[in-house]
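Build the full structure now, drawing on both the sequences and the hints.
2 protein chains.
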Amino acid sequence: MHKKTLEDIGEKELINRLGKFMPKNQISDDCALIKTKNENLLVNTDCLVENVHFNDINICPMDLGWKAVVSNISDLLSSGSKKTIGITISLVLPPRTEWIWVEELYKGINKALKEYGGMILGGDCSKGDDKVISITAFGIQGELELRRNACKPGEIILTTGIHGLSKLGFLMQNKINFDNQFSLNERLIIKSIEHFCRPRVYPNFLNNLLKTRSNKKIKRIGCTDSSDGLFQALQDLAMASSCKAIIDYEKIPKDKDWPNGDKWDEYYFFGGEDYELVFSLPKKWAKNLSKLDKNINEIGFFTDGKPSIEFNDNKKNKILNNTTFKHF
Amino acid sequence: MHKKTLEDIGEKELINRLGKFMPKNQISDDCALIKTKNENLLVNTDCLVENVHFNDINICPMDLGWKAVVSNISDLLSSGSKKTIGITISLVLPPRTEWIWVEELYKGINKALKEYGGMILGGDCSKGDDKVISITAFGIQGELELRRNACKPGEIILTTGIHGLSKLGFLMQNKINFDNQFSLNERLIIKSIEHFCRPRVYPNFLNNLLKTRSNKKIKRIGCTDSSDGLFQALQDLAMASSCKAIIDYEKIPKDKDWPNGDKWDEYYFFGGEDYELVFSLPKKWAKNLSKLDKNINEIGFFTDGKPSIEFNDNKKNKILNNTTFKHF
Numbered sequence: 001m002h003k004k005t006l007e008d009i010g011e012k013e014l015i016n017r018l019g020k021f022m023p024k025n026q027i028s029d030d031c032a033l034i035k036t037k038n039e040n041l042l043v044n045t046d047c048l049v050e051n052v053h054f055n056d057i058n059i060c061p062m063d064l065g066w067k068a069v070v071s072n073i074s075d076l077l078s079s080g081s082k083k084t085i086g087i088t089i090s091l092v093l094p095p096r097t098e099w100i101w102v103e104e105l106y107k108g109i110n111k112a113l114k115e116y117g118g119m120i121l122g123g124d125c126s127k128g129d130d131k132v133i134s135i136t137a138f139g140i141q142g143e144l145e146l147r148r149n150a151c152k153p154g155e156i157i158l159t160t161g162i163h164g165l166s167k168l169g170f171l172m173q174n175k176i177n178f179d180n181q182f183s184l185n186e187r188l189i190i191k192s193i194e195h196f197c198r199p200r201v202y203p204n205f206l207n208n209l210l211k212t213r214s215n216k217k218i219k220r221i222g223c224t225d226s227s228d229g230l231f232q233a234l235q236d237l238a239m240a241s242s243c244k245a246i247i248d249y250e251k252i253p254k255d256k257d258w259p260n261g262d263k264w265d266e267y268y269f270f271g272g273e274d275y276e277l278v279f280s281l282p283k284k285w286a287k288n289l290s291k292l293d294k295n296i297n298e299i300g301f302f303t304d305g306k307p308s309i310e311f312n313d314n315k316k317n318k319i320l321n322n323t324t325f326k327h328f
Numbered sequence: 001m002h003k004k005t006l007e008d009i010g011e012k013e014l015i016n017r018l019g020k021f022m023p024k025n026q027i028s029d030d031c032a033l034i035k036t037k038n039e040n041l042l043v044n045t046d047c048l049v050e051n052v053h054f055n056d057i058n059i060c061p062m063d064l065g066w067k068a069v070v071s072n073i074s075d076l077l078s079s080g081s082k083k084t085i086g087i088t089i090s091l092v093l094p095p096r097t098e099w100i101w102v103e104e105l106y107k108g109i110n111k112a113l114k115e116y117g118g119m120i121l122g123g124d125c126s127k128g129d130d131k132v133i134s135i136t137a138f139g140i141q142g143e144l145e146l147r148r149n150a151c152k153p154g155e156i157i158l159t160t161g162i163h164g165l166s167k168l169g170f171l172m173q174n175k176i177n178f179d180n181q182f183s184l185n186e187r188l189i190i191k192s193i194e195h196f197c198r199p200r201v202y203p204n205f206l207n208n209l210l211k212t213r214s215n216k217k218i219k220r221i222g223c224t225d226s227s228d229g230l231f232q233a234l235q236d237l238a239m240a241s242s243c244k245a246i247i248d249y250e251k252i253p254k255d256k257d258w259p260n261g262d263k264w265d266e267y268y269f270f271g272g273e274d275y276e277l278v279f280s281l282p283k284k285w286a287k288n289l290s291k292l293d294k295n296i297n298e299i300g301f302f303t304d305g306k307p308s309i310e311f312n313d314n315k316k317n318k319i320l321n322n323t324t325f326k327h328f
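Line by line, the protein sequences give chains A and B. By the UniProt record's numbering, the letter at position 132 of the first sequence is numbered 132, and the numbering carries on one by one without gaps. By the UniProt record's numbering, the letter at position 247 of the second sequence is numbered 247, and the numbering carries on one by one without gaps.
Errors might be hidden in some of the hints.
The list treats identical chains as interchangeable, and a pair is accepted whether it falls inside one copy or across any two copies.
Subject to a maximum C-alpha distance of 35 Å in a straight line, what follows is the list of computed DSBU-like cross-link-like pairs (lysine-lysine) [to be verified]:
1. K217 - K152
2. K191 - K254
3. K294 - K254
4. K3 - K107
5. K216 - K284
6. K263 - K219
7. K107 - K35
8. K37 - K111
9. K83 - K284
10. K114 - K211
11. K20 - K107
12. K83 - K114
13. K283 - K82
14. K111 - K20
15. K37 - K20
16. K35 - K4
17. K219 - K306
18. K82 - K256
19. K35 - K217
20. K114 - K4
Hints in this document: simulated from the structure, not taken from any laboratory. Given the structure is predicted, the values throughout are model-derived calculations rather than measurements.
Below, the structure written as structure tokens:
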């Protein structure tokens, strides 16, 4: 009898099965929580594998170091971390790796830590055939707990920025040809590559949330980041919070030169690695926040119903018949 | 010009160079320290790579899971962790990996956590060509700070148990032939394989240390574990504490059936993966502790001098002209 492999069972089922080995409260969120006497710590682990998440052609080691840190900090922020303490780094490197590659990687790591706070706490290093960079990041849980399962029907869905750019940058860096390549705006191309190689996060987001909170009793907010794409983020929120997301396609913030068409919608919703926050707030709070921070956009709302995503314009729902990034 | 690779510069120089990217206090110890308002956390990361640290022939996935956890807990204990909070797991697995392999790995992980405390807090999973298991473990710093740099001249060097067994187990599991194989005691073979596949640690060690402390003012103890071999542990302590280790070969605890000879000395001092603690204490404390715990043995002492290791019997010093485990 053929024993089932990871390829057979697929990523979703793998996560589901691994979840059974973990305490229930730790499964559905971006970060794990460690309770200490006075403060709670947020912990996140992210793993980048050569020829799966990066290669020598599409990103230079300094940008890779930056991005590895930022993807972890994005998860901390999306759980409500008020301060990044630091990271540990587990590196697997082939012996033929040039020292300068490692040096550049660490320069990028420290650049991101200088920008967003935190320091290298320690790590481990081993030889291996392919490069692997696994980073575990630690932050301090702030006053607001941001959790995937805290969205509520009636709340407004918001996002901190534009999606799809990182995917376009990835395609450009991998020199993948596509039909209307030559009609693409140069500014958009440069911006997209910047988003792919040097993504940014918004440490000020938490302060702005606190500043605009009208009801001090609210301590939990539904939130995740769009590292696996906007669609996946919305789905994760809907599933964890047991409610239905209704998205207004017209309200979705796009780059002014972003082309129209099915393919471009696919990049936008399924591209991933944009590290924008996707979250929901009561109406008044949402209005105050998007007034204070012009990068934040309302894109829809949650309602009662089967955990799912729908566009209010039914014609747009075909976009959703798509597959997300497959890990296996 | 040939750019220097990691193979060219070697492991020691690599660690030295990476150290420059880290805050100074975090370089020389088994764990990193995270200060929170009331408690300090200890954090350790260890990375196991297929065909470097393990393969499908020499260890089954359940034992591998156990061992991956234990090697991390050993580092926490050797820094004075009074309680293991939990671990995060970063997994790289080829898509052809059978689910049952992953399930067995997690069973071994949870068996070790059940035995020694702690839970799975979270993690990440990605595909890749070779299996990589990177675990980050968290513990709470106890009253006694165990640190590599806290040994003092005049202190007695002790170890919690017998070395070399794991190396012998490794050779047996890899079916490596050696001359006097047939003269080996069967009990010793079984015990060695057990040590290699299912290493154990001593969570009671810290309590026994506290129980036998005669001077309550002493808060820091020189300590590390012998995961990279007894010699490496002694060298790490000597280097970090700037003192000289004098070892009494006759006092070193060996299995009663451990053969004599240069090769067996090499396995004993350089074998690694025994996860015994190697530490130093003031004379009186050392005496009290080895009286209370019969597995603990005095094996020498630290003295003023250039950081180094010497046997008091000069004839034995040839053992030390050897190389340790090379990571690159």
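Comparing the hints with the structure gives:
In the homo-oligomer, the alpha carbons of K217 and K152 lie at most 35 Å apart inside one protomer (15 Å), although the nearest pairing across protomers, at 55 Å, exceeds that limit. When the C-alpha separation of K191 and K254 is checked against a cutoff of 35 Å, the pair qualifies only within one copy, where the shortest distance is 13 Å, while the shortest distance between copies is 65 Å. For the homomeric pair K294 and K254, the shortest alpha-carbon distance inside one copy (14 Å) is at most 35 Å, but the shortest distance between copies (71 Å) is not. Taking the shortest Cα distances, K3 and K107 sit within 35 Å of each other only across copies (18 Å), while inside one copy they are farther apart (44 Å).
Proximity of K216 to K284 under the C-alpha cut-off of 35 Å is restricted to the intra-copy arrangement: shortest distance 13 Å within a copy versus 59 Å between copies. Taking the shortest Cα distances, K263 and K219 never come within 35 Å of each other, neither inside one copy (39 Å) nor across copies (64 Å). In this assembly of identical chains, K107 and K35 lie within 35 Å of each other by CA distance both inside one copy and across copies; the values are 32 Å within and 25 Å between. Taking the closest pair of Cα atoms, K37 and K111 come within 35 Å of each other both inside a single copy (32 Å) and across two copies (27 Å).
In this assembly of identical chains, K83 and K284 lie within 35 Å of each other by CA distance solely inside one copy; the values are 27 Å within and 45 Å between copies. Taking the closest pair of Cα atoms, K114 and K211 come within 35 Å of each other only inside a single copy of the chain (25 Å); across copies the shortest separation is 44 Å, beyond that limit. For the identical chains of this complex, K20 and K107 are inter-copy neighbours only, at 11 Å across copies versus 39 Å inside a copy, given an alpha-carbon limit of 35 Å. Both within a single protomer and between protomers do K83 and K114 lie at most 35 Å apart by alpha-carbon distance, with minima of 13 Å and 32 Å respectively.
Taking the closest pair of Cα atoms, K283 and K82 come within 35 Å of each other only inside a single copy of the chain (24 Å); across copies the shortest separation is 47 Å, beyond that limit. Only between protomers do K111 and K20 lie at most 35 Å apart by alpha-carbon distance; the minimum there is 14 Å, versus 38 Å within a single protomer. Taking CA atoms no more than 35 Å apart as the test, K37 paired with K20 passes in both settings, with 28 Å inside one copy and 33 Å between copies. With identical chains, the CA atoms of K35 and K4 are never at most 35 Å apart, being 37 Å at best within one copy and 44 Å at best between copies.
Taking the shortest Cα distances, K219 and K306 sit within 35 Å of each other inside one copy (25 Å), while across copies they are farther apart (58 Å). In this homomeric assembly, K82 and K256 come within 35 Å of each other (Cα to Cα) only inside a single copy, at 33 Å, whereas the closest approach across copies is 57 Å. For a Cα distance limit of 35 Å, the shortest separation of K35 from K217 qualifies both inside one copy, at 22 Å, and across copies, at 30 Å. When the C-alpha separation of K114 and K4 is checked against a cutoff of 35 Å, the pair qualifies only between copies, where the shortest distance is 28 Å, while the shortest distance within a copy is 45 Å.
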